[in-house]
Amino acid sequence: MPESHCTVEECLEVTDELVTAMEVLVPQLSSSSPPPDRERLSAIVESPACHLLLARDHSGVLGSMTLVVFPIPTGIRAWIEDVVVDSGARGKGVGAALNRRAIEMAFEKGARTVDLTSRPQRAAANRLYERLGFVRRGDQRLPLRSARPGGVTGDGNRSRVRAMSSPETEVEESDAPRVGLATTAWSVWSWFVFGSCVLVWLPLMALVWLVTWPFDRARWWTGYLFRKLAVAHQVLNPLWHFKVSGTMPENPRNPYVVVSNHESFVDILLISHLPWEMKWLSKIEMFKLPVVGWLMRMAKDIPLERGDRESAGNAMKLCRETLDRNVSVMIFPEGTRSVTAEMRDFKDGAFRLAVETQLPILPLAVSGTRDALRKHDWRFGRADAEVHVMSPVATEG
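Heads up: the sequence shown begins at 205 in the working numbering, then just goes up one per residue.
The set of hints was computed from the structure by calculation and includes no laboratory data.
Don't take each hint at face value.
Stated by the list, open to error - Within a straight-line C-alpha distance of at most 20 Å, the following computed PhoX-like cross-link-like pairs (lysine-lysine) qualify:
#1 LYS551 - LYS521
#2 LYS521 - LYS487
#3 LYS313 - LYS487
#4 LYS487 - LYS551
#5 LYS432 - LYS447
Unchecked claim - What follows is a list of derived Cβ distance ranges for each label pair:
#6 ARG244 - GLU600: 53 to 61 Å
#7 SER236 - GLY450: 52 to 60 Å
#8 MET490 - VAL448: 55 to 63 Å
Each residue gets a CB set at the ideal place from its N, CA and C atoms; glycine is no exception.
Please build the complete structure, drawing on both the sequences and the hints.
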């Protein structure tokens with residue numbers, strides 16, 4: 205199936221374009237429901253529980269859906285409704301892009317699952333939902349791929365499906381990787397190896413920190429040892445094969461502002477194979493993890509609380525201090541992982557830092573990690589991944 209080049213965004217205001225788009229799309233969704241007028245659309249857009257998502261390209265609006273997120277006593281619930289793609293844009297990945305963005309938003313807002321309903325006769329849509337990770341809810345929770353798509357539940361009319369995790373894979377071109385018993389077993393082994401390495405590294409890093417403290421206040425060697433944990437884990441993980449390519453910096457103590465695209469949590473483990481030390485800008489939640497968070501603090505990585513201006517200012521200050529000590533800093537300009545094959549918009553913090561310090565930007569290109577560990581799934585996938593070091597970009601002048 206051709207890849208979609210559309211963008212998906214939340215509608216925050218009612219425009220003439222939106223009213224016209226609904227007049228075209230809603231009749232394709234339901235012959236019995238009239239298109240919403242401007243007043244009804246305003247009520248939807250202004251509702252704190254409703255999130256109207258639009259898929260568009262250069263030609264205009266291609267499709268829409270509504271994500272409803274609301275609190276209940278047991279947590280946050282999320283529901284997808286009224287998914288519709290214009291007839292001229294079908295078969296191009298627009299529906300998948302809308303669903304991916306809705307699932308991503310739902311988890312960002314604290315929902316643990318996402319629900320939707322789908323009629324049995326919507327075979328193509330049900331196959332898409334299956335590939336996106338939805339499962340049927342009936343007497344048992346059965347994956348749709350192991351049952352008939354859109355299998356009938358007790359009401360005899362509509363199947364209720366639930367997304368148990370957020371997708372990470374591009375599923376329009378091929379089915380998402382199936383996780384078999386062998387992969388699950390190797391995942392258990394790999395997590396055991398990772399946990400064992402973490403416990404072994406804790407005293408080793410503490411020892412290196414103490415020995416090098418008099419002459420290494422930047423903790424270059426302590427951090428360098430920390431990155432080798434990822435190398436040891438990959439060697440003992442048969443599911444992953446990592447490769448480093450490109451031109452490495454001649455002097456590892458010449459500082460750079462290092463930036464990279466972000467496909468998966470595993471990007472961190474892959475980039476740690478590079479033969480020099482960098483201090484990582486990371487969300488503060490990582491520093492709160494038992495043992496792993498301790499290692500990050502010991503390595504002098506830099507915490508950031510997302511959405512907090514004061515935290516962002518402090519993080520940039522620590523980045524500048526790190527660079528002044530001839531240690532590079534590593535930043536993902538996208539801020540978080542992309543759930544599609546397309547990169548998210550870059551935040552400008554890393555580039556401002558490079559310009560202000562007049563230090564070069566060192567771009568990295570990561571590929572192949574998307575299926576290594578999918579978001580919201582504890583199991584590893586098979587991956588042949590590579591990090592490519594590109595030429596530095598000067599910021600002087």
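Here's how the hints hold up against the structure:
1. LYS551 - LYS521: 17 Å, holds
2. LYS521 - LYS487: 16 Å, holds
3. LYS313 - LYS487: 17 Å, holds
4. LYS487 - LYS551: 15 Å, holds
5. LYS432 - LYS447: 15 Å, holds
6. ARG244 - GLU600: 53 to 61 Å: Check passed, 56 Å falls within 53 to 61 Å.
7. SER236 - GLY450: 52 to 60 Å: 58 Å, holds
8. MET490 - VAL448: 55 to 63 Å: 23 Å, violated
In summary, the one numbered hint that this structure violates is 8.
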